[in-house]
Amino acid sequence: MDGSESAERFGFSEEDGICMTTRAFERYSGTDDYIASDDLKQAVNMSIVLGRPLLIKGEPGTGKTMLARSIAKALEMPILEWSIKSTTRAQDGLYVYDTVQRLHDSRFNDKDVADISQYIRLGPVGRAFDEEGQHVLLIDEIDKADLEFPNDLLAEIDQMKFTVSETGRIVVAKVRPIVIITSNSEKELPDAFLRRCIFHYIAFPEATLMEQIVRVHFPNLEDRLLAQAMARFYRIREVDGLRKRPSTSELLDWIQVLRAAGVAIERLESELPFLGALLKNEKDQQQVARWVSGNEPSRFNG
Amino acid sequence: MFTELFVRLRAHQVGVTLHEWLTLIEALERGLIAPNLTSFYYGARAILVKREADFDRFDEVFLELYRGIETGEEVLEGVLDWLDDPKRLRYLSEEEMAALEGLDLDRLRELFEQRLKEQTDRHDGGNRWIGTGGTSPFGHGGFHPTGVRVGGMGRGRQAVQIASKRQFQGYRNDIVLDTRQIQVALRRLRRLVRQGRQDELDVDESIDRTCRNAGDLELVFRAPRRNPIRMVLLMDAGGSMTPHARLVSRLFSAASKGGQWKSFQSYYFHNCVYENVWSDISMQESTAFSTTQLISEATPQSVLVMVGDAAMHPGELTERFGSIDYWHRNETPGVEWLQRLRKAYPVNAWVNPMPERWWNASSLYLIRRLFLMFPLTLLGLDDAVTHLRSQPS
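Residue numbers (numbering that gives the first Met the number 0), protein chains in the order written: chain Y, 0 to 301; chain X, 0 to 392.
Treat the hints loosely; a few may be bogus.
[Unchecked claim] Below, computed lysine-lysine pairings styled on DSS-like, alpha-carbon distance capped at 30 Å:
#1 Lys143(Y) <-> Lys342(X)
#2 Lys84(Y) <-> Lys160(Y)
#3 Lys342(X) <-> Lys84(Y)
#4 Lys261(X) <-> Lys243(Y)
[As the list claims (entries may be wrong)] Just a sample of chain X residues kept apart from chain Y, beta carbon distances all over 10 Å, derived:
#5 Val6
#6 His18
#7 Leu31
#8 Ser38
#9 Ile206
#10 Cys210
#11 Leu216
#12 Phe220
#13 Ala287
#14 Glu318
Honestly, the hints are just simulated from the structure, not real lab data.
Every residue, glycine too, gets a C-beta built ideally from N, C-alpha and C.
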């Protein structure tokens, strides 16, 4: 058996260091509007094949939510987005029993109120199980919810089924959905939950990757403007004591504003126009403005 | 060497469970991880490590285990081991097989050992059978930990190099407390008492009274529970504190957000407190705040927490004009100011970000006679809170 055969058997193409399976499963390799690093692609593919939820963390604005949409697009699957709020309960993701509607209907006699099933509405998780075809299920910002929230979903995500207790109906997943979970680390997630996930931390993109990302969004961007904007951007990120360092999405906003306003490249060298697109905090803006004007305060004077 | 990763990760307090380990093996079996160290590094990390705080420990263990591979002895052992297991040879390419067939194993071994002796530096470049950057698993570039195949390392950065960058060091949690942990520790400082306007409905009492009234509704109001503690945080921002800046800023943000204090004040000082403290870390003239005023504002509900390494020249404490700032001529020695603070704020503690074993400078000795000192670790902070709670207020 020669090398290429064995490589194919294992699903790796010879040139690629990182996993590139061609036959075993549908592979994810980014989309034309989302650049994924090799390790991220590998994590996504592992999560798909192993049937484990993929937990994505990283600085705000590094494209955690965008990843799920990109996966859905690349694999041509419908996506179900479940945005978690502080009041969200795990039960809401499975189904909601609309008792108020039922009570309301009972007063007018125009529906059969004895049929409870018509008052059961499936939530995003329920729909991902129940509907035909494989879905991408995005559970966005899971850390926003109550501390126990992730644990409450464990059994359902593990077994891919749940029971609607009001009707006794058992909802079983026909195909295991691809589950993407994002977190901003506002709260620690429980161990039992973490054990079941594949974890990826989106590191802040380095300059070369960032350039690719910007290019994807602005294909006709002038080289000099890009170089100048990036240089300024990375320098601003290093200014001491910023409350919220600007990230990818802010850079993209900034470049868009710069282009729309037709800012001359020369101007970028001496000042920072439209700083508000990069920094959303007034103190941060002042700090950076002080740095631009040349007397950056040292952190400690001792 | 493979299982060793599991054992060592656990020894390094990365909470890897058997469940996760089996998942990794499944991933390897199903060909989800390409046979090279980079892919293995990322794959194993994604499956085994679930917190970015543990990434640095993973890097450490990974380095411990797989950096050694680059040194002569272990390379030799690894290769010999590999040669002993002929079934692994089927992963070789045709050319490699042809090259192999021309040599019997003993001859190959001999050749390998000889080459290894010749080569004392890193094995990159060239296309000799052993130790090349591109085509051998045992060079600088491309060893696969389970020793599966001879092949290209792939593009991109190499795993050992990535691990050796230790870029996740800043996320560790044994050195650095996270804000949440500090908040949890400080929460114990709360002393909830009912205070202020009575505008909260007391349901139990209302029901009780209504019943006694034979069903005639009677509403009872009470004051809501509040935390009367006034927190004063004084932080050293001197040069020797620079390495602890991040930690101290976390303590600051936890204390300012988490406590629900009646009031929260924070000031900075430089090495020791003199007649002024500063509300801003840059300690410019405009942000100065008189220490005397701070002392006069003390209430029985006040809690003073000093944060600093307490390491300075003893003269800065004991002498007139001792301040480290050359232009600053303090009439009253620092130690006197500290004494006044301590007297005004009897409920106090000193938190030191330096590890306890370094608490031996003479200035520390002086300060510890005035303030009880606690290390800025989870345990130390807990002790500090216990101490603060035990003080009468």
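Now the hints, each set against the structure:
{"no.": "1", "hint": "Lys143(Y) <-> Lys342(X)", "verdict": "violated (44 Å)"}
{"no.": "2", "hint": "Lys84(Y) <-> Lys160(Y)", "verdict": "holds (24 Å)"}
{"no.": "3", "hint": "Lys342(X) <-> Lys84(Y)", "verdict": "violated (47 Å)"}
{"no.": "4", "hint": "Lys261(X) <-> Lys243(Y)", "verdict": "holds (27 Å)"}
{"no.": "5", "hint": "Val6", "verdict": "holds (18 Å)"}
{"no.": "6", "hint": "His18", "verdict": "violated (6 Å)"}
{"no.": "7", "hint": "Leu31", "verdict": "violated (5 Å)"}
{"no.": "8", "hint": "Ser38", "verdict": "violated (5 Å)"}
{"no.": "9", "hint": "Ile206", "verdict": "holds (26 Å)"}
{"no.": "10", "hint": "Cys210", "verdict": "holds (30 Å)"}
{"no.": "11", "hint": "Leu216", "verdict": "holds (27 Å)"}
{"no.": "12", "hint": "Phe220", "verdict": "holds (28 Å)"}
{"no.": "13", "hint": "Ala287", "verdict": "holds (13 Å)"}
{"no.": "14", "hint": "Glu318", "verdict": "holds (18 Å)"}
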